[in-house]
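Chains as they are written, first to last, in the working numbering: chain A, 1 to 476; chain B, 1001 to 1342.
Note that these hints are calculated values from the structure, not bench results.
Among these hints, one or two may not hold up.
What the hints assert, rightly or not - Quick list of simulated restraints, FRET-style, between CB atoms: (1) B:Thr1290 with A:Ser313: 56 to 66 Å; (2) B:Val1283 with A:Tyr218: 17 to 27 Å; (3) A:Arg429 with B:Thr1221: 38 to 48 Å.
To be verified - Under the rule of at most 20 Å between Cα atoms (straight-line distance), these lysine to any residue pairs were calculated in the SDA-like manner: (4) B:Lys1285 with A:Asp404; (5) A:Lys297 with A:Gly95; (6) A:Lys310 with A:Asn348; (7) B:Lys1275 with A:Glu192; (8) B:Lys1210 with B:Pro1174; (9) B:Lys1210 with B:Asp1189; (10) B:Lys1268 with A:Ser202; (11) A:Lys103 with B:Val1283; (12) B:Lys1114 with B:Gly1078; (13) B:Lys1125 with B:Arg1168; (14) A:Lys103 with B:Asp1279; (15) B:Lys1285 with A:Trp204; (16) B:Lys1340 with B:Arg1168; (17) A:Lys103 with A:Arg158; (18) A:Lys475 with A:Ile428; (19) B:Lys1210 with B:Glu1175; (20) B:Lys1038 with B:Phe1090; (21) A:Lys475 with A:Ser311; (22) B:Lys1210 with B:Val1283; (23) A:Lys310 with A:Gly95; (24) A:Lys310 with A:Pro276; (25) A:Lys449 with A:Asp404; (26) B:Lys1014 with B:Lys1268; (27) B:Lys1275 with A:Leu196; (28) A:Lys297 with A:Ser458; (29) B:Lys1285 with A:Leu196; (30) A:Lys475 with A:Thr431; (31) B:Lys1210 with B:Arg1165; (32) B:Lys1275 with A:Ser202; (33) A:Lys103 with B:Glu1175; (34) B:Lys1014 with B:Pro1310; (35) B:Lys1285 with A:Glu192; (36) B:Lys1014 with B:Asp1189; (37) B:Lys1268 with A:Trp204; (38) B:Lys1014 with A:Trp204; (39) B:Lys1275 with A:Trp204; (40) B:Lys1275 with A:Lys310.
Note that this is a predicted model, so its numbers are computed, not measured.
Positions of the beta carbon are idealized from the N, C-alpha and C atoms, including for glycine.
Each chain is listed here by its residues.
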Amino acid sequence: MTNHDIELMAHLMRRAGFGATRDEIERYAAQGYDATVDMLMDTSQSDGIQIDLIRRYHPDHSGGLGMAGFGAFWLHRMINSQTPLVEKVALFWHGVFATGYAKLAQGKVLMDQIQMFRDHGFGDLRTLLVELSRDPSMIIWLDNNDNHNGAINENYGRELLELFSMGVGNYTEDDVKEASRAFTGWTVGNTEYMKLKADNDSLWPYGRLNLHFEFRDYDHDQGEITFLGHTGTFNGEDIVDIICDQQATARFIARHMYSFFVADEPPVPSWPYTPPRDAEALDIMSEAYFNGGCTIKPMLDTMFRSDFFKSESVWYEKVKSPAELVAGVLRLTGEHRSYSPAIQEDANAMGLMGQTLVNPPSVEGWHWGDEWIDTGNLVERINFASEHFSKDFTAGIADTVDADITARGGSVQPHELVDTCLDHMGAIRITETSRKSLIEHVARDGDVKLNGGGSGRSRIAEMVQLIGATPEFQKG
Amino acid sequence: MTTATKTTSLEYIKTIGITNNGDNGRGFANPYSIAVSKDGRIYVISRCDPARATAIRVGVQDIDENFLFEFSEGYGSGPGQFVLPVAMAFDSQERLFITDEFNHRVVVYSSEGKFLDQWGEHGSKPGELNGPAGIAIDSNDNVYIADQHSHAISKFTADGRFLLRFGREEDSTPEHNLCQPWGLCTDADDNVLVADWRHNAVKRFSPDGKHLQTLGGLSDTLFNRPSGVALDSEGFVYVTDWGNERLQVFTPSGAHYATERGRATLSKWAEDFFKSNPDEVEVRKISNLTPELPPHLADDPYQVSAQTEPYFWGPVAVTVDDHDRVYVVESNRHRFQIYKRP
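Generate the whole structure from the sequences, applying the supplied hints.
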């Protein structure tokens, strides 16, 4: 296999997963690119996550009293899942259908929503949007519990069109109102008590009570509705059907997908005024959507196999989100392969970098791209990578670099140390300027010798730390 | 597997508890075990989780729901401290032994909450501890520990001298070995009952480790990850069937006697909470706390318990006191329910 094969596979694993070690990349490259895409897309495989063990050891992952435990639980899955694309797709939809703890005051109902993304995130968009509309956390988050026959609350109907499916400019204000009418009566059981508990952040007397969807026929508007040119006595499912058939929906989802998996796009509010980076790519993905019966999986499959995804022009054109960065670092260091209370601290680090899972800043979600690396966040990101790469792990990245150099006689020149570390950290390609700076840094202390004392090992750790701070590592 | 005879209901007595995610006071934060002293004081350990680690402690109350006192040396690995405490048991001297599956040790407190001792070395060799979970102390003050990651039961003297280990795959037949055991208790003959968690079974062993009896197993559906086991004075067996979110009861011969899903009512502490939060009282009155759930939730006991307040949710341990009162500890509901055989 060529070096390009290795680098392309590394690119795929950064985007369709949370990165991979050199050994993993070689293994995947050996089986071939298309076979690896097949493997990643195979959602029938077990993710290998032992839920019973997690629930036994981490009571808050079981009870979902707050959101902190859930963040740690999801991080554990990102690090250890044998189906990383499933976690990546769940993270993708979490960004699109951003739902926040701040208004729900309950972790478990959000855990359930993320599980729904795992279950339906690859399937037909209709099912996904209907499940989203029935999702108890979404109902509370966007006030559909206050959307009544004769007294509509437009919040969910509006965001369904504006942020979740079609985008501004593709519907009218009347469409928002009519869609909202169709979702009247879609609420949660014990609405008043559940809403009050959420408002009061009440965990008394016996913890949180989970929420479930309830359709109240008596509160549903049975009148005639006109939506996007269609007229009938519509329920929410009918509205979703109409939405899924729209060209605007296909392109909106495609642009989200491109921005998450291929290259950063500007935040959603600017999309009506800013052309997409690659309109042709959106055309290709939209076609896959319709050819697949309005289904997500063909879009993903087409995207990962496309020239626009494989092109070197989009490599390192995405700033890793905090979740991607933290999970990626921990996969490389080999930490948290089994349960450990310490994972909570690493999950909390995502929050310090600006992304507390299941608690986005608003329904718009996080603004991805360069906004992840403002001055404060960048320091947190570099410190996190540096701290974890500096540890002397038994199964981590420093160990594999050490083994590689030892196999070559235990002594390497500065440029060999730099290249070996870049290779083992996931076949990272950095600019020649950056590489030259790293080599010069190593050269100050001469060749690296592993068999002459303890300094060689620490120089590996130092180099791994420095690479963790490069723009290429912070991107993906 | 035994044949069911007749199913009987237990008598529900009361519920004690309330969520407490603060650092002190009555209530619990993910309680994991109960031990009852000879004078009837009820000791409950709040395991907490890393996000609320400062709340880790043992709370002591009585059957009338009077909060008495609490103790702990705090969260950590220092003397007497806990990270992931699992189970508790009193010895004949009323010393309270507490396992910690993270610190791989047993910590001993007096019944008044004074830290006395700790022992245990981390490892997988005989005499070492590798994730100690359940604990039981027999009539001679021998201490049995479910050494979960070694998939075995280890027997020690009260001061931590190693005596025996059994249940490991290489030591016993496939039907008799253990996989990540959790709860333990001893019977009147000092035999040891084990909640064989990953084997979905409860097994009884003689004091020298010979297998005597099995309830359940991977080949049937009697249990799903049983967490705790206890016996009453007549030898009836109580099992917290954790994965099924229920309590199961068996006769001394192993016949099924009763299944209990949970019937929690408001504790006195809960009633006190509602006295000062009347707004929540009003909406509770119009709520159904045993709701009919959509099909995708109704078939999953975990999901049903998550939104059915009276049901057990996270039943991690069961204890029987000298009056044959049965205490079921619910980690996710921060309380325990008390029952009795009629």
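Evaluated hints:
Evaluation of the 56 to 66 Å hint for Thr1290 (chain B) and Ser313 (chain A) yields a pass: the beta carbon distance comes to about 59 Å. Our hint of 17 to 27 Å for Val1283 (chain B) and Tyr218 (chain A) holds, since their Cβ atoms are close to 19 Å apart. The hinted range of 38 to 48 Å is not satisfied by Arg429 (chain A) and Thr1221 (chain B), whose Cβ atoms lie roughly 54 Å apart. Note on Lys1285 (chain B) and Asp404 (chain A): the hinted pairing is violated, with a Cα-Cα distance of about 68 Å set against a maximum of 20 Å.
A distance of roughly 18 Å separates the Cα atoms of Lys297 (chain A) and Gly95 (chain A); the hinted pair therefore holds under the 20 Å criterion. Annotation: proposed proximity of Lys310 (chain A) to Asn348 (chain A) is violated, straight-line Cα distance about 33 Å (limit 20 Å). Between Lys1275 (chain B) and Glu192 (chain A) the CA atoms are separated by roughly 19 Å; this keeps the pair inside 20 Å, and the hint holds. For a cut-off of 20 Å, the pair hint linking Lys1210 (chain B) to Pro1174 (chain B) stands: about 13 Å separates their Cα positions.
Of the pairs offered as hints, the one joining Lys1210 (chain B) and Asp1189 (chain B) holds, with about 13 Å between alpha carbons and a cut-off of 20 Å not exceeded. With a CA separation close to 18 Å, the supplied pair Lys1268 (chain B) and Ser202 (chain A) stays within the 20 Å bound. Between Lys103 (chain A) and Val1283 (chain B) the CA atoms are separated by roughly 19 Å; this keeps the pair inside 20 Å, and the hint holds. For the suggested pair Lys1114 (chain B) and Gly1078 (chain B), the alpha carbons sit about 15 Å apart, so the restraint of at most 20 Å is met.
For the hint pairing Lys1125 (chain B) with Arg1168 (chain B), the CA-to-CA distance comes to about 11 Å; that is within 20 Å, so the pair holds. Our distance criterion of 20 Å between C-alpha atoms is met by Lys103 (chain A) and Asp1279 (chain B), whose separation comes to about 19 Å. The suggested pairing of Lys1285 (chain B) with Trp204 (chain A) holds, with an alpha-carbon distance near 16 Å, which does not exceed 20 Å. Our distance criterion of 20 Å between C-alpha atoms is broken by Lys1340 (chain B) and Arg1168 (chain B), whose separation comes to about 35 Å.
About 18 Å separates the Cα atoms of Lys103 (chain A) and Arg158 (chain A), which keeps this hinted pair within 20 Å; it holds. The hinted pair formed by Lys475 (chain A) and Ile428 (chain A) meets the criterion: a straight-line CA distance of about 10 Å does not exceed 20 Å. Among the hinted pairs, Lys1210 (chain B) with Glu1175 (chain B) is consistent with the structure: their alpha-carbon atoms are about 12 Å apart, no more than 20 Å. Distance restraint check for Lys1038 (chain B) and Phe1090 (chain B): the Cα-Cα separation of roughly 9 Å lies within the 20 Å cut-off, and the hinted pair is therefore satisfied.
For the proposed pair Lys475 (chain A) and Ser311 (chain A), the alpha carbon gap of about 16 Å is at most 20 Å, so the pair holds. Between the alpha carbons of Lys1210 (chain B) and Val1283 (chain B) the distance comes to roughly 56 Å, so the proposed pair goes past 20 Å and is violated. Of the pairs offered as hints, the one joining Lys310 (chain A) and Gly95 (chain A) is violated, with about 24 Å between alpha carbons and a cut-off of 20 Å exceeded. Taking the CA atoms of Lys310 (chain A) and Pro276 (chain A), the gap is about 18 Å. The hint holds against a cut of 20 Å.
Distance check on the hinted pair: Lys449 (chain A) and Asp404 (chain A) sit about 12 Å apart at the alpha-carbon level, within 20 Å; holds. Between Lys1014 (chain B) and Lys1268 (chain B) the alpha-carbon distance is near 10 Å, which keeps this suggested pair within the 20 Å criterion. The straight-line distance between the Cα atoms of Lys1275 (chain B) and Leu196 (chain A) is roughly 16 Å, inside the 20 Å bound, and the hint therefore holds. Between Lys297 (chain A) and Ser458 (chain A), the direct Cα distance comes to roughly 45 Å. Violation of the 20 Å bound is thereby established for this hinted pair.
A C-alpha spacing of about 13 Å is found between Lys1285 (chain B) and Leu196 (chain A), which places the hinted pair at or below 20 Å, so the restraint holds. Simply put, Lys475 (chain A) and Thr431 (chain A) have alpha-carbon atoms about 13 Å apart, close enough for the 20 Å limit, and the pair holds. A threshold of 20 Å between alpha carbons decides the hint, and for Lys1210 (chain B) with Arg1165 (chain B) the separation of about 11 Å falls inside it, so the pair holds. Restraint check for Lys1275 (chain B) and Ser202 (chain A): the C-alpha separation of about 14 Å stays at or below 20 Å, so the hint holds.
For the proposed pair Lys103 (chain A) and Glu1175 (chain B), the alpha carbon gap of about 50 Å is over 20 Å, so the pair is violated. With a C-alpha separation of about 11 Å, the suggested pair Lys1014 (chain B) and Pro1310 (chain B) falls inside the 20 Å cut-off, and the hint holds. For the suggested pair Lys1285 (chain B) and Glu192 (chain A), the alpha carbons sit about 10 Å apart, so the restraint of at most 20 Å is met. Under the criterion of a C-alpha separation no larger than 20 Å, the hint pairing Lys1014 (chain B) with Asp1189 (chain B) is inconsistent with the structure, at around 31 Å.
Restraint check for Lys1268 (chain B) and Trp204 (chain A): satisfied, since their Cα atoms lie roughly 13 Å apart, inside the 20 Å limit. With a CA separation close to 18 Å, the supplied pair Lys1014 (chain B) and Trp204 (chain A) stays within the 20 Å bound. In summary, the hint linking Lys1275 (chain B) to Trp204 (chain A) is supported, as the alpha carbons are separated by about 12 Å, within the 20 Å threshold. At most 20 Å may separate the alpha-carbon atoms for a hinted pair to count; Lys1275 (chain B) and Lys310 (chain A) exceed this at roughly 64 Å.
Checked against the numbered hints above, the structure violates hints 3, 4, 6, 16, 22, 23, 28, 33, 36, 40; every other hint is satisfied.
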